[in-house]
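Using the sequences and the accompanying hints, generate a full structural model.
Be aware that the sequence shown starts at 443, since it is given in the numbering used here, and climbs by one per residue.
No lab work stands behind these hints: they were computed from the structure.
Glycine included, C-beta positions come from ideal geometry on N, C-alpha and C.
Treat the hints with care, as some may be off.
Quick list of in silico lysine-lysine cross-link-like pairs, DSSO-like style, CA-CA up to 30 Å [stated by the list, open to error]:
| id | residue 1 | residue 2 |
| --- | --- | --- |
| 1 | K516 | K475 |
| 2 | K516 | K504 |
| 3 | K475 | K504 |
| 4 | K534 | K475 |
Here are the computed distance ranges between Cβ atoms for each label pair [to be verified]:
| id | residue 1 | residue 2 | range |
| --- | --- | --- | --- |
| 5 | Y521 | K475 | 23 to 29 Å |
| 6 | N514 | A568 | 37 to 43 Å |
| 7 | N536 | L480 | 21 to 27 Å |
| 8 | V567 | S537 | 19 to 25 Å |
| 9 | Q474 | V556 | 28 to 34 Å |
| 10 | N578 | S546 | 32 to 38 Å |
| 11 | K475 | P594 | 24 to 30 Å |
| 12 | Q474 | G530 | 15 to 21 Å |
| 13 | A568 | S546 | 21 to 27 Å |
| 14 | P594 | Q474 | 33 to 39 Å |
| 15 | G489 | N515 | 15 to 21 Å |
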Amino acid sequence: ISTYFIKCNYELHYLSQQSSNYRAILYKPPGQKRGSLLIPPGAAWEGYPADLDAGAGHSFWKTFESVVAAQNNKNFFAYNNVAPGVVGVRTKSNSKGVVILDTSAGADEAAWIVHTVPGYPTPRVAYTFPASEYANGHLLICLTISESQIEPI
443 ISTYFIKCNY
453 ELHYLSQQSS
463 NYRAILYKPP
473 GQKRGSLLIP
483 PGAAWEGYPA
493 DLDAGAGHSF
503 WKTFESVVAA
513 QNNKNFFAYN
523 NVAPGVVGVR
533 TKSNSKGVVI
543 LDTSAGADEA
553 AWIVHTVPGY
563 PTPRVAYTFP
573 ASEYANGHLL
583 ICLTISESQI
593 EPI
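In structure tokens, the structure reads:
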């Protein structure tokens, strides 16, 4: 998938150009603003380059650009059992994620982020990581998939 979905530094940029099946896993430990990133083909976790509340400089922020601000040729849908701004809804679901689609002519690309963060991200609002969630540990997984595979999944 193209680098406008995922890029953080040269290594991520390079890796995203090498495969259309790019993926990254971010683990944020409880009580910390940074986490560790696992990017194939590496076998070791690496320190995340920026606090999650920082508005630039890390791959998940870059990916969420299409959610927090209008982007040409990008559409998204988000799901969260604790949706931002919704009060009093109780579900037995624990699912949270965002699918970002590239709607450019001839494109068959999407980024799918599955995560554990309640109320995150808030669509069409400047990027923030919920301050109340720094006390908890979280996992964010980003996969690139073909748009044509969304319905079968």
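Structure-based check of each hint:
no.: 1; hint: K516 x K475; result: holds (28 Å)
no.: 2; hint: K516 x K504; result: holds (13 Å)
no.: 3; hint: K475 x K504; result: holds (17 Å)
no.: 4; hint: K534 x K475; result: holds (28 Å)
no.: 5; hint: Y521 x K475: 23 to 29 Å; result: holds (25 Å)
no.: 6; hint: N514 x A568: 37 to 43 Å; result: violated (19 Å)
no.: 7; hint: N536 x L480: 21 to 27 Å; result: holds (22 Å)
no.: 8; hint: V567 x S537: 19 to 25 Å; result: holds (21 Å)
no.: 9; hint: Q474 x V556: 28 to 34 Å; result: violated (21 Å)
no.: 10; hint: N578 x S546: 32 to 38 Å; result: holds (37 Å)
no.: 11; hint: K475 x P594: 24 to 30 Å; result: violated (37 Å)
no.: 12; hint: Q474 x G530: 15 to 21 Å; result: violated (31 Å)
no.: 13; hint: A568 x S546: 21 to 27 Å; result: holds (25 Å)
no.: 14; hint: P594 x Q474: 33 to 39 Å; result: holds (37 Å)
no.: 15; hint: G489 x N515: 15 to 21 Å; result: violated (33 Å)
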